[in-house]
Each structure stands twice: as C-alpha cells, then as structure tokens.
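Go by the hints and put chain B onto chain A.
Chains as they are written, first to last, in the working numbering: chain A, 2 to 268; chain B, 6 to 348.
No lab work stands behind these hints: they were computed from the structure. All of these numbers come straight from a predicted model, not from anything done at the bench. Take these hints with a grain of salt, some might be off.
What the hints assert, rightly or not - Beyond 12 Å from chain B on every Cβ pair, some chain A residues (computed):
1) M2
2) D6
3) S45
4) R83
5) L90
6) V155
7) I180
8) T195
9) H206
10) L262
11) T268
As the list claims (entries may be wrong) - Here are the computed distance ranges between Cβ atoms for each label pair:
12) A:E238 to B:V159: 22 to 32 Å
13) B:R83 to A:D53: 55 to 65 Å
14) A:A96 to B:G348: 32 to 42 Å
15) A:A102 to B:P274: 16 to 26 Å
16) A:H206 to B:E47: 45 to 55 Å
What the hints assert, rightly or not - Computed from the model, here is a short list of chain A residues facing chain B with C-beta under 10 Å:
17) E27
18) R95
19) D168
20) F174
21) Q176
22) G210
23) A230
24) D260
C-beta: ideal position from N, C-alpha, C; glycine also.
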Amino acid sequence: MPATDDLAARRNPDGGYGPVPRAGSEPEPTALAALALDDDAAASWLEAAQGDDGSVGMRAGAVFRDVTAPAVLAMRDPAAQRAGVGWILASRARAEPSTDALPHDPALRGWAWTSDTFGWAEPTAWSVLALRVMGHDGPEVDDGIAVLRDRACVGGGWNYGNRIVLDEELPPFVQTTGIALIALHGLDEPMVATAADRLATIWPHEADGLLSLALAAAALRTIGHRSAAEVARRLGERQAAAADADTIALAWFVIALGDGLERLAVT
Amino acid sequence: MHHHDEHGAVDRRTFLRGAVAAGVAVGAVGVGLGVRRALEPEPWDEAAFPPPGDAHVAVLAASSYDADLAGPVEDALRQIGADVRGASVLLKPNLVEFDPGTSINTDPRIVAAAVLAFRRMGAASVTVGEGPGHRRDTMFVVERSGLGDALRAVEAPFVDLNLDAVEPVPLRSRYTRLGELWLPTSVTRADVVVSMPKMKTHHWAGVTLSLKNCFGCVPSRVYGWPKNVLHYHGVQQSILDVAAAVRPDLAIVDGIVAMEGNGPISGEPVPVGAIVVGDDPVATDVVAASIMGVDPAAIAYLDEAARFLGQADPERIDTRGEDPSRLQASLAPAPGFDGAATG
Numbered sequence: 002m003p004a005t006d007d008l009a010a011r012r013n014p015d016g017g018y019g020p021v022p023r024a025g026s027e028p029e030p031t032a033l034a035a036l037a038l039d040d041d042a043a044a045s046w047l048e049a050a051q052g053d054d055g056s057v058g059m060r061a062g063a064v065f066r067d068v069t070a071p072a073v074l075a076m077r078d079p080a081a082q083r084a085g086v087g088w089i090l091a092s093r094a095r096a097e098p099s100t101d102a103l104p105h106d107p108a109l110r111g112w113a114w115t116s117d118t119f120g121w122a123e124p125t126a127w128s129v130l131a132l133r134v135m136g137h138d139g140p141e142v143d144d145g146i147a148v149l150r151d152r153a154c155v156g157g158g159w160n161y162g163n164r165i166v167l168d169e170e171l172p173p174f175v176q177t178t179g180i181a182l183i184a185l186h187g188l189d190e191p192m193v194a195t196a197a198d199r200l201a202t203i204w205p206h207e208a209d210g211l212l213s214l215a216l217a218a219a220a221l222r223t224i225g226h227r228s229a230a231e232v233a234r235r236l237g238e239r240q241a242a243a244a245d246a247d248t249i250a251l252a253w254f255v256i257a258l259g260d261g262l263e264r265l266a267v268t
Numbered sequence: 006m007h008h009h010d011e012h013g014a015v016d017r018r019t020f021l022r023g024a025v026a027a028g029v030a031v032g033a034v035g036v037g038l039g040v041r042r043a044l045e046p047e048p049w050d051e052a053a054f055p056p057p058g059d060a061h062v063a064v065l066a067a068s069s070y071d072a073d074l075a076g077p078v079e080d081a082l083r084q085i086g087a088d089v090r091g092a093s094v095l096l097k098p099n100l101v102e103f104d105p106g107t108s109i110n111t112d113p114r115i116v117a118a119a120v121l122a123f124r125r126m127g128a129a130s131v132t133v134g135e136g137p138g139h140r141r142d143t144m145f146v147v148e149r150s151g152l153g154d155a156l157r158a159v160e161a162p163f164v165d166l167n168l169d170a171v172e173p174v175p176l177r178s179r180y181t182r183l184g185e186l187w188l189p190t191s192v193t194r195a196d197v198v199v200s201m202p203k204m205k206t207h208h209w210a211g212v213t214l215s216l217k218n219c220f221g222c223v224p225s226r227v228y229g230w231p232k233n234v235l236h237y238h239g240v241q242q243s244i245l246d247v248a249a250a251v252r253p254d255l256a257i258v259d260g261i262v263a264m265e266g267n268g269p270i271s272g273e274p275v276p277v278g279a280i281v282v283g284d285d286p287v288a289t290d291v292v293a294a295s296i297m298g299v300d301p302a303a304i305a306y307l308d309e310a311a312r313f314l315g316q317a318d319p320e321r322i323d324t325r326g327e328d329p330s331r332l333q334a335s336l337a338p339a340p341g342f343d344g345a346a347t348g
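Bound-form chain A, shown alone (with noise of 0.2 Å):
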C-alpha cells in the first residue's frame, strides 16, 4: 500500500515521528506510527522518552499533554507497558460538579487531554482502550466506560465533551465517535449499536476529512458494522490525499486499511 510507504518514509532518524513530514518527533504521531507500521524503531523511541512515573507525553511549561494510553499500545517492553498502565490508573481527570449549563454525572472522572483537567471522550477512549488492551479490568476502566455512557450524544454517537451544553444537544462528530467505538468494542452496551448505526449515518458527511473517514473506516470494521467495507473503499480512493495528510491521519489511514486494528484488539 503506497500510504504505508509514506507514512514510513517520515520515520526521523532518532525512529520517531513529527506531526506533519520533516517535523520533530512527538509521541502521539510517533505512537500511531508504531501501531499502524509495527514499527519496532518508534516503539523503542517511545520507551525511550517515558518518564520515571511511567508517563509518555508533551510537557509545555505547567501544562502536561497526556499521551501514555496509545504509546502503552504501541510499545514492546511490558515493563515499560505495565509502567504506563500504572500511570493510566493513577492519573484520571478531575472530578467537577455538575451544572445546568454543562450537565454530567460529577461522580465519574475519565481521562483528561493535559494533567488536572476535566475528562473528555478521546482521551478517555484511549485510556479505555489501553486498560482493556493490557487485560486491565478494574474500576477505572467501569468508570472510563461509565463516562462515554454519560457523554453520548442524544440519538447516538460522541462529540469532542458534552451530550448538552446550555440546553443545547450536541452533535456527534465522526471522528470521536470512531474511537470511542474502538474503544468500546466487544462490549454488550447499548450505546455501542446505537453509535455505531449513528457512524454509519454520519460519516459521508464528514468525509471530506481523512482523518474523520480513517476513524469511521477503522470503527466499523472493528465492529463488524455492515457498512465497514464501503467506507473501506472511500476510504481507499483518497490514496493521494493521505499522501499529503499529517501524520495521525496518514497512520490512521494506514490503520484503518492494514492490519493495524489487531494491535488494538481487546482479546
């Protein structure tokens, strides 16, 4: 697959990889790489740059943006995975009350986009998806699940946050709802049918997105969802497009149509 060529062809010489072509090497692209390629260079560049707490991420002054749960997937060491898992469990999101405006159930957490903030769909679906990869089945994954429960959006699907906002439904976005489904998948809940019949709606509506139609293409086919293998094949026309897309689309793109799914398969 000529994708799978590009996406290694911005493998950096250190074996990570930047969030657009010649850009230094961040863990999340480098992450996605890993799982997309099989890459044993950017799963070793990943253990590499885990901190002694177990952590993978960016930090920017005060602010720490958390990407340990797709690098736990992507990684080979178990002790670097099981070091990672153990800052997945240590480091949920903060709990906040519940609001007219932002109504929730403030007794869940989730996970969080950067330390010591409020949880939100992805980062709580790769957390899910982690914990439940590396055999994890305590409560914080009941309460990461609960949290996706309670975020769905009216009628099916996730948004980036909230299911309402100053009484207003939000709308599902294909992209979070395709991995909070990855996430989800296996499980016998409701919700999962229901966004994934809701995906399958939505998604020729956002395909102008690779990033969206890689997610939607990966979810269904993760689910085995009737409509997997026609937004296989959109998804396999944009050959040219995932060749100038950033490097989290390009591995998705790659992800979505190679065997990169088994790696993030809950067995």
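Leaving out everything else, chain B in the frame of chain A:
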C-alpha cells in the same frame, strides 16, 4: 443631536461614547478579573505594554460576500495606515466548526479577499492559519467550510496551527498562572499577524472578536480539544494572556453576516453588513462590539484589555469610512450576557 465634522469623526466618537456609557451600570460581568486586579493592580510588564496610543479603525458597509471585497478591504487597510510591504503576513480567521445553516466561521470569501489585498499592498507572503478548538479533523472544517476552495483559488497556503512547530513564549501579562504558552512558529515568526474573527456572540466570553479569536493560535495538540486548560485558568483571563502573547498587529472583523444568541456555535446568523478593520485589536473590538449592540465595557476581558493591550477611549480611536451608527445592530446577546446589550 450629533455633530459631524468633515470626516464624520465627531459623530463616530459620539457613537462610541454612547455605547461605552451604557455599560457602566451593568458592571460585574468579570468578578474573577476584579479579584485578580485586587491582588495585582497591573498584572503586566510595563516595558512590554507601554500605554496604548491612538488607534485607527475603518468601518466598511458590505451587504454581500459575492461583491468585490478585496478592493474595499485594501482601501480600509490603507485608511488605517497599514504598511505590510515586504512583510510575512499571517491571516488568522475564525474556523471552529461547520454547520451549513449558520455563520460560525469567518467567511472564506473575505479571507481570500484579504489575501489579495495584502498582496496588492506589497506583502512578501500571505499565509492563512488556524487551530480549531473543537474539531480534531481540521481539514474537514477547512474543506466543508469552503475555505480550502477559496484559498486554492488565490493560491494561498493554509497551515494547521494545531500541528505547526511550537516554541515557548514567556507571558508578559499574568491573568492566568500559565507563565508561558507554547505557540506555533507561524504565529510567533510572522511579521504581521492579522486576527480575522467572525462577529458573533459567545456564551462564555460575551463576544468573539479579534482578541478572543487569538484562542485559535493555541495549539490543540499541546493543550487539547478543547483547550480545556485555558478554561481552568478562566476564559476571560486566558483571552487576555493569549491575546497579549499573540498581539495581533491588525484586525479584520467579518460582520457581513454575524451570529447572535448562543454563539460561538449554536447561535443564529444575522446580517449586519459591516467589516471592521483596525490597527489596534482593542479599538477594533470596541467599535465592532458597539455595532453589534453590545456594550464593550460590559465584556470583562475587553474592558480589562483596554487598560494595557490597546485603546478603548473613543477620543483616541480615529474611526474612518462608514459611520458606524448607520450599521448599528441589536444582536441577541449570548446566554448570561443580557446585561451587556445596549439595545
């Protein structure tokens, strides 16, 4: 009765004075900023922010995006004395989300028009950049909004500020406790940064104009979707620190079709027919807010920004072009900002 001088300047200042005065009674939108002020009366580095000088703002009447906009935008830029010869220019539109039924984003046609205007004025390069805070798939928003086609038509590059190389920028104002922001080099290294917001109401900030629009310069791959850490530090406080770090040199506000009510996403489109161009983001936002029917002094961050980041004194804002009172609208305020409405 308002009095006109030969340029209409007195009448325009009267328009601004009326809008500002209406807000004095409204008062306490920004309690958090009041507390901050009590702790440190002037939380900014004096050397970095000398007292604001005179500002220049041009108001254009424009009822359609299909008309020639490049010519009028160029004229407005020349009226305010903008000089971009040989400069690398970054245009930062407001590109948040796509919904075909509303007016969330800066219209692509005015972005393309600005590209042409800056080129005609001798800019060495004109790049368009944005880092959407809701959608991780930036290219989806770029393409569905029509911005992609508009920029291809004028052969202008787009940079996703969420993915651009970043560098730390020490904050010279202290409304948050962030201390520094990591910002895209396309922003930090541009000779001229032009904030190009949609004129709209905003349910956390009151209004989105050129200062609030700077949020899109904060890269989401570092700070998340949304940039939640900024909300923890206070939306109003973060607007101040982010805008003070970005410090847009120019502002072009798209108010041809604005948004009212529950903005920045779920509001309703409303034709206002105005483009506001300025060399001072605070002054530009003061004029634009006044046209919206929003009292600038009742928008906490804007009122505070006037203390150090730009000019809000009507006597020191040289307003040219269309008489803004002729474009006066009365936009439905965002939830929680009823007291800011002047209408």
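Hints and how they fare:
no.	hint	result
1	M2	21 Å, holds
2	D6	21 Å, holds
3	S45	22 Å, holds
4	R83	26 Å, holds
5	L90	20 Å, holds
6	V155	14 Å, holds
7	I180	9 Å, violated
8	T195	22 Å, holds
9	H206	8 Å, violated
10	L262	19 Å, holds
11	T268	28 Å, holds
12	A:E238 to B:V159: 22 to 32 Å	28 Å, holds
13	B:R83 to A:D53: 55 to 65 Å	58 Å, holds
14	A:A96 to B:G348: 32 to 42 Å	41 Å, holds
15	A:A102 to B:P274: 16 to 26 Å	23 Å, holds
16	A:H206 to B:E47: 45 to 55 Å	49 Å, holds
17	E27	8 Å, holds
18	R95	9 Å, holds
19	D168	8 Å, holds
20	F174	7 Å, holds
21	Q176	5 Å, holds
22	G210	3 Å, holds
23	A230	22 Å, violated
24	D260	24 Å, violated
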